[in-house]
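Sequences and hints are given; from them, build the entire structure.
Residues per chain, in single letters:
Protein chains: 2
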Amino acid sequence: MISLADLQRRIDANELSPDAAIAQSVEAVDAQDKTIGAFVCRAEDPRVANSGPLRGIAVGIKDIIETSELPTEMGSSIYRGFRPRADAPVVMMLKRAGATIAGKTTTTAFAFVDPTATLNPRNHGHTPGGSSSGSAAAVAAGMIPLALGTQTGGSVIRPAAFCGVAAIKPSFRMLPTVGVKCYSWTLDTVGLFAAGVKDLAHGLSAITSRPELMPDAAIAAPRIGVVTQDFAGAPEPAGGEALRIATLAAERAGATVRELALPDIVAEAWRIHPTLQEYEAHHALAWEYRTHRDAIPPLLRARLDETTGLLPADYDAARRVANRARKALAQLFDDVDVLLTFSAPGAAPKGLASTGDPRFNRLWTLMGVPCVNVPAYVADGGLPVGVQVIARFGNDAGALEAARFVEEALARL
Amino acid sequence: MISLADLQRRIDANELSPDAAIAQSVEAVDAQDKTIGAFVCRAEDPRVANSGPLRGIAVGIKDIIETSELPTEMGSSIYRGFRPRADAPVVMMLKRAGATIAGKTTTTAFAFVDPTATLNPRNHGHTPGGSSSGSAAAVAAGMIPLALGTQTGGSVIRPAAFCGVAAIKPSFRMLPTVGVKCYSWTLDTVGLFAAGVKDLAHGLSAITSRPELMPDAAIAAPRIGVVTQDFAGAPEPAGGEALRIATLAAERAGATVRELALPDIVAEAWRIHPTLQEYEAHHALAWEYRTHRDAIPPLLRARLDETTGLLPADYDAARRVANRARKALAQLFDDVDVLLTFSAPGAAPKGLASTGDPRFNRLWTLMGVPCVNVPAYVADGGLPVGVQVIARFGNDAGALEAARFVEEALARL
Numbered sequence: 001m002i003s004l005a006d007l008q009r010r011i012d013a014n015e016l017s018p019d020a021a022i023a024q025s026v027e028a029v030d031a032q033d034k035t036i037g038a039f040v041c042r043a044e045d046p047r048v049a050n051s052g053p054l055r056g057i058a059v060g061i062k063d064i065i066e067t068s069e070l071p072t073e074m075g076s077s078i079y080r081g082f083r084p085r086a087d088a089p090v091v092m093m094l095k096r097a098g099a100t101i102a103g104k105t106t107t108t109a110f111a112f113v114d115p116t117a118t119l120n121p122r123n124h125g126h127t128p129g130g131s132s133s134g135s136a137a138a139v140a141a142g143m144i145p146l147a148l149g150t151q152t153g154g155s156v157i158r159p160a161a162f163c164g165v166a167a168i169k170p171s172f173r174m175l176p177t178v179g180v181k182c183y184s185w186t187l188d189t190v191g192l193f194a195a196g197v198k199d200l201a202h203g204l205s206a207i208t209s210r211p212e213l214m215p216d217a218a219i220a221a222p223r224i225g226v227v228t229q230d231f232a233g234a235p236e237p238a239g240g241e242a243l244r245i246a247t248l249a250a251e252r253a254g255a256t257v258r259e260l261a262l263p264d265i266v267a268e269a270w271r272i273h274p275t276l277q278e279y280e281a282h283h284a285l286a287w288e289y290r291t292h293r294d295a296i297p298p299l300l301r302a303r304l305d306e307t308t309g310l311l312p313a314d315y316d317a318a319r320r321v322a323n324r325a326r327k328a329l330a331q332l333f334d335d336v337d338v339l340l341t342f343s344a345p346g347a348a349p350k351g352l353a354s355t356g357d358p359r360f361n362r363l364w365t366l367m368g369v370p371c372v373n374v375p376a377y378v379a380d381g382g383l384p385v386g387v388q389v390i391a392r393f394g395n396d397a398g399a400l401e402a403a404r405f406v407e408e409a410l411a412r413l
Numbered sequence: 001m002i003s004l005a006d007l008q009r010r011i012d013a014n015e016l017s018p019d020a021a022i023a024q025s026v027e028a029v030d031a032q033d034k035t036i037g038a039f040v041c042r043a044e045d046p047r048v049a050n051s052g053p054l055r056g057i058a059v060g061i062k063d064i065i066e067t068s069e070l071p072t073e074m075g076s077s078i079y080r081g082f083r084p085r086a087d088a089p090v091v092m093m094l095k096r097a098g099a100t101i102a103g104k105t106t107t108t109a110f111a112f113v114d115p116t117a118t119l120n121p122r123n124h125g126h127t128p129g130g131s132s133s134g135s136a137a138a139v140a141a142g143m144i145p146l147a148l149g150t151q152t153g154g155s156v157i158r159p160a161a162f163c164g165v166a167a168i169k170p171s172f173r174m175l176p177t178v179g180v181k182c183y184s185w186t187l188d189t190v191g192l193f194a195a196g197v198k199d200l201a202h203g204l205s206a207i208t209s210r211p212e213l214m215p216d217a218a219i220a221a222p223r224i225g226v227v228t229q230d231f232a233g234a235p236e237p238a239g240g241e242a243l244r245i246a247t248l249a250a251e252r253a254g255a256t257v258r259e260l261a262l263p264d265i266v267a268e269a270w271r272i273h274p275t276l277q278e279y280e281a282h283h284a285l286a287w288e289y290r291t292h293r294d295a296i297p298p299l300l301r302a303r304l305d306e307t308t309g310l311l312p313a314d315y316d317a318a319r320r321v322a323n324r325a326r327k328a329l330a331q332l333f334d335d336v337d338v339l340l341t342f343s344a345p346g347a348a349p350k351g352l353a354s355t356g357d358p359r360f361n362r363l364w365t366l367m368g369v370p371c372v373n374v375p376a377y378v379a380d381g382g383l384p385v386g387v388q389v390i391a392r393f394g395n396d397a398g399a400l401e402a403a404r405f406v407e408e409a410l411a412r413l
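So the sequence lines, in the order shown, correspond to chains A and B. Each step along the first sequence adds one to the number in the UniProt record's numbering, with nothing skipped, and position 205 is 205. Each step along the second sequence adds one to the number in the UniProt record's numbering, with nothing skipped, and position 189 is 189.
There may be inaccurate statements among the hints.
Selected chain B positions facing chain A (Cβ under 7 Å, derived; list incomplete) [as the list claims (entries may be wrong)]:
no., residue
1, 85
2, 89
3, 287
For each label pair, taking beta carbons as the anchor points, the in silico distance ranges come out as [unchecked claim]:
no., chain 1, residue 1, chain 2, residue 2, range
4, B, 320, A, 211, 16 to 22 Å
5, A, 308, B, 320, 37 to 43 Å
6, B, 351, A, 263, 58 to 64 Å
7, B, 324, A, 209, 22 to 28 Å
Calculated from the structure, these hints are not laboratory results. Positions of the beta carbon are idealized from the N, C-alpha and C atoms, including for glycine.
Shown next, in the form of structure tokens:
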């Protein structure tokens, strides 16, 4: 994989020009994307900036994020050839930091669960996960050092785990969702994929102009609360093993680790996530559903069909639960710095029929808290399995620091 | 003006067909819009539904709200001829309720303060206010019974006050802002204009499928807290007179009325509103500002130029103040049902150079609470002056009921 932080260091030291760095990514995409299929379209003559912290960094943009210079097709024939007028704010943030938009990456239709044709670079017989399939795969395959995805249930953390890359779903609205095709305005969150946690920190800091996100040289040993989310069912053996190994590594590296039970209201929030998501999806996709129903792929169409009866009262009740759960969750962080849990039930499922299960992700999206995927171990078939590090709302720096601690602890195990 | 509730009653009773109701509006627009200039474009052959609570209701849509069948130009040459692919969710909500989209109404560029050429139907020498200029004017002139606007500072309540129509800025996100050109994602709120408060209630209830918003036959006398927002400066004499008259009317009609001081943190929230608004606007309009700066009109361009230095830390501090103020404000509603305050400093300013001052509105947009404009009296020159009735977040039904109480009390005065 291409390390963003490493590229930056070499560019800063004039060991590598921004043009050469971009040319490397272009070549890597040329070489690999015929097999992997991570890109929907690519910039024909990518512009290279000579200033900005992300000069020389080629970025893939999930194809539900609007771009003025490349089509934005939402993974759906309904938007074939659609050309937005403007770049989404988050794309402008990248450009302002000097990044080069390399192309648009594959997405499941409207970021739901109908799979794309993208392969998992670690094992071509398995899904890369979704909905940010192309972004995870392009970083995992070493094509580009940075990619944007979005998460409404588990669409950033899950594909990152399946592809063995680092990823952050930042605090809700740290990255604006304006110009990003909406599925659920309460849940949709823009996130980043990169080779390692340090790369995420450098990328997020540059995009947001937030120096506090840059990693310190020294990492404090965090107080970790391990949560197993029993309300979401048991993990597969590989998922359990990833959490066991990560916990062991963190403990050996000096972290304080203890198991934590989540309050009942938080479990209740996990249960109502679909109500909130689908009620808003019926509004967000009303035009598509009413005027192009037959062009909506089967899994999304079925979900919308099943949930047409949701009422404002159901939605209001779900929002009240979410608000109470956010308060209860915040109190847990008085005693621990971060939570540690599964990124997915196990390794990437076989075949391309499913993008996997977001049941261990959706709660954290609803809570709006920052989550970082850290690859924890490699299961049979070369398939990576990840864990997620979760911090208090707004403490993205803390989530990244603790994730780097876990990542380094795993490397030393 | 055309009363929505009255049209509904006549259509329900088969005294009027939906087609005839729409034809009336089309004729009224034909007759008046050459003078007023409330519409940017009109539906050539407006579709009339035969079912739904809003069948026969012609609606004007502010031209920053995306429509699939009419251009959406954002009040700016940058978007000349822009054709969105989809209808915004709130447009689909209208269509699902049976409403007919009559056309797109004028908006200041990107809903900021550079004026449109729309005239105030009450006095052509005065501004109709902004940024939802066309929506307020079209309802005031009796062209249409319902129009959509948006408010980030005071863009719904202020033009409603200046044009002498009822309007509601509902609780934040009651109406989705997806597909609405963003200025500030924390503030932008979709609202409605109609002839009277009952018409607003019928309209909002039908759009949202929320029966609890429909007016009851009996109205309880509310406990009213009168707030003068001294931190925002003194009103003009006409604004003060409107509040005095509305207070007197409410008291005579049996309401419990007392003056209330707002907590210091709420005043502080008023002060930081521009920080929050402009920090987000720099992101929301980054593409326009960076690639089409010269085409941005002078007042907006100057505001963006002045605020380029805002930092994430300024923004975070502003958000913390807003959160604390929301909690403090919620406590006030333990003792009163609604607040009553100025809708604008006074009557509509003379000429078209300014859309007026949102200083008595912006706090309530930031607080996310429902606000209803009620025309309170007519000043010299036939210029209406309004007051706003404000309820707790989520209590839109209570805001509408108390506003109807004040409206009826004023009629009996």
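Consistency of the hints with the structure:
no.	hint	in the structure
1	85	holds (6 Å)
2	89	holds (4 Å)
3	287	holds (4 Å)
4	320/B <-> 211/A: 16 to 22 Å	holds (19 Å)
5	308/A <-> 320/B: 37 to 43 Å	holds (40 Å)
6	351/B <-> 263/A: 58 to 64 Å	holds (59 Å)
7	324/B <-> 209/A: 22 to 28 Å	holds (25 Å)
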